[in-house]
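J.: Residue numbers (numbering that gives the first Met the number 0), protein chains in the order written: chain A, 0 to 294; chain B, 0 to 294; chain C, 0 to 294; chain D, 0 to 294.
No lab work stands behind these hints: they were computed from the structure.
We put the CB at the ideal spot given by N, CA and C, even for glycine.
Each hint should be verified, as a subset may be incorrect.
Distance windows between CB atoms, simulated [said to hold, decoys possible]:
1. A:E39 x D:E12: 47 to 55 Å
2. A:R88 x D:K152: 18 to 26 Å
3. B:N261 x A:S271: 37 to 45 Å
4. C:K152 x B:H29: 43 to 51 Å
5. A:G41 x B:P126: 51 to 59 Å
Number of protein chains: 4
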Amino acid sequence: MLENKAPGKDISEEDLLTKFPLAAKQSPDHRSKFTIAGVEFGSDHVPVFAGPNMVENKELIIETAKAVKASGADFLRGGAFKPLTFPYRSEKYTETREDGLQWLADAKEATGIPVITEVMEEKYIEPIAEVADILQIGTRNMQNFPFLTACAKTGKPIMLKRHFGCSIRDWLGSAEYILIEGNEKVILCERGVVAPHTHRSSSRFLLDLQAVPATQEMTHLPVVVDPSHATFWRPWVEPMALAGVASGADGIMLEVHPDPENAAVDPLQAVSFEAFDSMMKKMDAVAQAVGRSVL
Amino acid sequence: MLENKAPGKDISEEDLLTKFPLAAKQSPDHRSKFTIAGVEFGSDHVPVFAGPNMVENKELIIETAKAVKASGADFLRGGAFKPLTFPYRSEKYTETREDGLQWLADAKEATGIPVITEVMEEKYIEPIAEVADILQIGTRNMQNFPFLTACAKTGKPIMLKRHFGCSIRDWLGSAEYILIEGNEKVILCERGVVAPHTHRSSSRFLLDLQAVPATQEMTHLPVVVDPSHATFWRPWVEPMALAGVASGADGIMLEVHPDPENAAVDPLQAVSFEAFDSMMKKMDAVAQAVGRSVL
Amino acid sequence: MLENKAPGKDISEEDLLTKFPLAAKQSPDHRSKFTIAGVEFGSDHVPVFAGPNMVENKELIIETAKAVKASGADFLRGGAFKPLTFPYRSEKYTETREDGLQWLADAKEATGIPVITEVMEEKYIEPIAEVADILQIGTRNMQNFPFLTACAKTGKPIMLKRHFGCSIRDWLGSAEYILIEGNEKVILCERGVVAPHTHRSSSRFLLDLQAVPATQEMTHLPVVVDPSHATFWRPWVEPMALAGVASGADGIMLEVHPDPENAAVDPLQAVSFEAFDSMMKKMDAVAQAVGRSVL
Amino acid sequence: MLENKAPGKDISEEDLLTKFPLAAKQSPDHRSKFTIAGVEFGSDHVPVFAGPNMVENKELIIETAKAVKASGADFLRGGAFKPLTFPYRSEKYTETREDGLQWLADAKEATGIPVITEVMEEKYIEPIAEVADILQIGTRNMQNFPFLTACAKTGKPIMLKRHFGCSIRDWLGSAEYILIEGNEKVILCERGVVAPHTHRSSSRFLLDLQAVPATQEMTHLPVVVDPSHATFWRPWVEPMALAGVASGADGIMLEVHPDPENAAVDPLQAVSFEAFDSMMKKMDAVAQAVGRSVL
Numbered sequence: 000m001l002e003n004k005a006p007g008k009d010i011s012e013e014d015l016l017t018k019f020p021l022a023a024k025q026s027p028d029h030r031s032k033f034t035i036a037g038v039e040f041g042s043d044h045v046p047v048f049a050g051p052n053m054v055e056n057k058e059l060i061i062e063t064a065k066a067v068k069a070s071g072a073d074f075l076r077g078g079a080f081k082p083l084t085f086p087y088r089s090e091k092y093t094e095t096r097e098d099g100l101q102w103l104a105d106a107k108e109a110t111g112i113p114v115i116t117e118v119m120e121e122k123y124i125e126p127i128a129e130v131a132d133i134l135q136i137g138t139r140n141m142q143n144f145p146f147l148t149a150c151a152k153t154g155k156p157i158m159l160k161r162h163f164g165c166s167i168r169d170w171l172g173s174a175e176y177i178l179i180e181g182n183e184k185v186i187l188c189e190r191g192v193v194a195p196h197t198h199r200s201s202s203r204f205l206l207d208l209q210a211v212p213a214t215q216e217m218t219h220l221p222v223v224v225d226p227s228h229a230t231f232w233r234p235w236v237e238p239m240a241l242a243g244v245a246s247g248a249d250g251i252m253l254e255v256h257p258d259p260e261n262a263a264v265d266p267l268q269a270v271s272f273e274a275f276d277s278m279m280k281k282m283d284a285v286a287q288a289v290g291r292s293v294l
Numbered sequence: 000m001l002e003n004k005a006p007g008k009d010i011s012e013e014d015l016l017t018k019f020p021l022a023a024k025q026s027p028d029h030r031s032k033f034t035i036a037g038v039e040f041g042s043d044h045v046p047v048f049a050g051p052n053m054v055e056n057k058e059l060i061i062e063t064a065k066a067v068k069a070s071g072a073d074f075l076r077g078g079a080f081k082p083l084t085f086p087y088r089s090e091k092y093t094e095t096r097e098d099g100l101q102w103l104a105d106a107k108e109a110t111g112i113p114v115i116t117e118v119m120e121e122k123y124i125e126p127i128a129e130v131a132d133i134l135q136i137g138t139r140n141m142q143n144f145p146f147l148t149a150c151a152k153t154g155k156p157i158m159l160k161r162h163f164g165c166s167i168r169d170w171l172g173s174a175e176y177i178l179i180e181g182n183e184k185v186i187l188c189e190r191g192v193v194a195p196h197t198h199r200s201s202s203r204f205l206l207d208l209q210a211v212p213a214t215q216e217m218t219h220l221p222v223v224v225d226p227s228h229a230t231f232w233r234p235w236v237e238p239m240a241l242a243g244v245a246s247g248a249d250g251i252m253l254e255v256h257p258d259p260e261n262a263a264v265d266p267l268q269a270v271s272f273e274a275f276d277s278m279m280k281k282m283d284a285v286a287q288a289v290g291r292s293v294l
Numbered sequence: 000m001l002e003n004k005a006p007g008k009d010i011s012e013e014d015l016l017t018k019f020p021l022a023a024k025q026s027p028d029h030r031s032k033f034t035i036a037g038v039e040f041g042s043d044h045v046p047v048f049a050g051p052n053m054v055e056n057k058e059l060i061i062e063t064a065k066a067v068k069a070s071g072a073d074f075l076r077g078g079a080f081k082p083l084t085f086p087y088r089s090e091k092y093t094e095t096r097e098d099g100l101q102w103l104a105d106a107k108e109a110t111g112i113p114v115i116t117e118v119m120e121e122k123y124i125e126p127i128a129e130v131a132d133i134l135q136i137g138t139r140n141m142q143n144f145p146f147l148t149a150c151a152k153t154g155k156p157i158m159l160k161r162h163f164g165c166s167i168r169d170w171l172g173s174a175e176y177i178l179i180e181g182n183e184k185v186i187l188c189e190r191g192v193v194a195p196h197t198h199r200s201s202s203r204f205l206l207d208l209q210a211v212p213a214t215q216e217m218t219h220l221p222v223v224v225d226p227s228h229a230t231f232w233r234p235w236v237e238p239m240a241l242a243g244v245a246s247g248a249d250g251i252m253l254e255v256h257p258d259p260e261n262a263a264v265d266p267l268q269a270v271s272f273e274a275f276d277s278m279m280k281k282m283d284a285v286a287q288a289v290g291r292s293v294l
Numbered sequence: 000m001l002e003n004k005a006p007g008k009d010i011s012e013e014d015l016l017t018k019f020p021l022a023a024k025q026s027p028d029h030r031s032k033f034t035i036a037g038v039e040f041g042s043d044h045v046p047v048f049a050g051p052n053m054v055e056n057k058e059l060i061i062e063t064a065k066a067v068k069a070s071g072a073d074f075l076r077g078g079a080f081k082p083l084t085f086p087y088r089s090e091k092y093t094e095t096r097e098d099g100l101q102w103l104a105d106a107k108e109a110t111g112i113p114v115i116t117e118v119m120e121e122k123y124i125e126p127i128a129e130v131a132d133i134l135q136i137g138t139r140n141m142q143n144f145p146f147l148t149a150c151a152k153t154g155k156p157i158m159l160k161r162h163f164g165c166s167i168r169d170w171l172g173s174a175e176y177i178l179i180e181g182n183e184k185v186i187l188c189e190r191g192v193v194a195p196h197t198h199r200s201s202s203r204f205l206l207d208l209q210a211v212p213a214t215q216e217m218t219h220l221p222v223v224v225d226p227s228h229a230t231f232w233r234p235w236v237e238p239m240a241l242a243g244v245a246s247g248a249d250g251i252m253l254e255v256h257p258d259p260e261n262a263a264v265d266p267l268q269a270v271s272f273e274a275f276d277s278m279m280k281k282m283d284a285v286a287q288a289v290g291r292s293v294l
């Protein structure tokens, strides 16, 4: 049998310090602390990001901004640039692009809630950075290194979603690409991984909550959990959001829509304003139980 | 392209009612309620099963029984019959078999705490059933149907662990094999599944907390979570136990050992008495936050 | 970060020699050689096992025995004892049990082809061992160690199927349980593993052909491939059977049925006599290309 | 239980025709036929792409071009732009970028062998398109849609590698993004997927040969197999390459290096000139056995 000295999926102590020196913890209790639009990260507060998958129209996003803010959300989320898996529009689904971005700006102005939205393409980084408080990098771009670098150079805070097929090692490598540009406000977000048994066809991903302590063991960066995309199924979103808070997540991202069953995208997973309001209270109760707070 | 009408992994409403009629919920809020050794299942109480992987010796198991009972555990767990993956003893590891079973009986008598232990072989069902309040069926036997039937016929309550490679469909099918014998005290236990990224070599499994609401959506049976075997890593046990409670689990199983780093088995995952006592308080706080209780 | 010295999934050279000493190769070109019912294993010949999933009736199995023998198959396969995932019969499916076993014996007597069939339960080992030339142990029993031991003690050759959720380490550990009883005629069989993307619901498993060289690197035991159960889809069986031969498999197991679309079990995957005959010629051609032979 | 009408991972006949109309087969025997630099795709010939992971220096790539051409390879492969998982150079590894590209051009000029190399970034598409006969799009960019579009617009033939975490549905969606630009010379390449058991740490991926017939069932595009990246282990490359040919793959991509054990990248998987020459003969023999040819 040949000897095998390949690195594999594990990250050794040495690996961590030489390949991920900026992402790596310097001591067991090392946690990044930073503030975005007045919201603290790395403190005992657990920020919540809420809103629709897509910024369908101006009224919808303003209404949602008001509702989620009233329930205690820290950030409004909503996608404007979001192509489908194939290059065709579905019956209901059309990216709203520049319009969507403007409506996000309108919602922010109308309510004062800070905004996070996904950047998909280098040429839109600048206009999006003018509106968004945090640039969201989606799974599909997690290892698009030139794009990571371009986003990092804006100096804007960045949420880096973990690709559904990638290891924590891959994820921290991508974070390192951002950190090396001097951009220290990096937020990691776990949103489900591929796994053999995901229970039903609609549930394409398995929320990997074990990744929360596993990642926090190695890095000082905050780790947010997104149960909406992982479960893809409304009835499981609340239990997984609560589990996320209990697992030690440093933030929760949720899809909220005024009329979930008629949402243009992901009608099976978005929750209503009422459900969100109720979840916020429960998440806060769980957070309190582990020495943190949501509200 | 040929048409494909195979069942696949999903469970349709019709499937559920025709193939898993005894395990299936009859209504959305249908939950089994039963009592084992005075402990209620299916109520708002979240029972805890705690103890060492192996009943190494009499003193150890009595000491552990006292400690976990004092911290509020409902059941003492401990294995007596537990072969390794290969047919050799490791340096430290020897099954204690009949001796171990007797020591469990001694611990039960000394403290009054009810006992759960694994049954591995038909010929030991009877002697184990005389001592144990719950028969535990491990992953390796989850689809050993004649064995399930033999265990069921004892009338003893049964905990059925989910095989790490099996779907919920497979799991409910096995529960149905027990229920059809008229044995209604069946407890399901999720203890980690195989998945592409389990973070480190030692962590062979990924705790599938999404399975908690997914399974509860279909069955009235209680669903317990075992974070010790899934994470295989002490620092992740507490966060995953808390997440399990928050996800709605109907019980938590934990490995507890007086001297975890010198445990004969699983020294990387067992927690100390002090850690367990602290976890019980935190689990209770999380349970309270979701309208349940551990203590 | 704590140091992690757990074994994990890899098998080190030391592991191999201390935990799997009987299954381990003693030198790079070490291959087991043995003969079963006149068929050589461990030679350049690649034996083929063919027949229906279930021995539905006497006529069917005799007709199939004649057909597969005429096409060059070395063994007739067919299940008599084969419970479903749940304890109910499907519309078409009923185990034929003792009857099926007798029909297998009839087919063997009528044609002279040796027989392989699955053993599911200890009490049937003896009657099955009287008929079968090879005892097949299915995935569900791969880690049922007392059962492995009982089968091993018959002295009959054993085919050990790899559990769809188990590692090669687990598989070799189970082989070791058989070998330690002095039973040296152990055949390993890969039949698909769980994986995130198996392409369609019907295709529950992914045929792991990489396991062929990976397993042969460590053990001297023959490694057979079963593409029928893995692909669960007739059009993919032939390409995967040919790929199996090319990968170096030491045998191929196939489901063959006189009327595949009306087979009682697995109608989506069984192939017809004509298709089987054509596949045998192609498999032989591929085998010849890699220095081996099927016919 | 809520009704679930989400699409899931399967592709229905309707899905295929409405969402992937350009990638979809129009009839069961529909196969794309096109020629690149004189090499036919979609015919019975199975083209081979061979060369080092990285174009380390001019001498190495010219020497390799000569050797692989002499052994019958159709294309020289080699990477010039290839960042690591983290933004640091390893001890031996430095991207050779513009230099590497020039050396590829030199090798092409010196030997006449056509060239395939990976494009990682929009700004390098043009210079690379001037040298390369085929643009390779790696896993990390498989769903970088603006990038796919930009590559497609060059009119150059494109090899689209399947992301290790993506389904065939995702893969065909990305192909559709290229096809919709009028670029019809699209080659798919399977190079291993994430899976629970990949046998050893170094083997991060499992070569999914079942994807060959599964993909060919739906699309007319050629499907190439890359066993080097999947197995990440030299001894398994040959059996998996042969299995790839037998499975019906429309091309094979291999890492070949004059001194594999000292390769700057992937020293565990590259094969020597001698090994490659021997493999070509064996691959041709297997191809002949299934009615095709490599040489």
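J.: Where does the structure disagree with the numbered hints, that is, which hint numbers, in rising order?
T.: Number 3 - this is the single hint that the structure violates.
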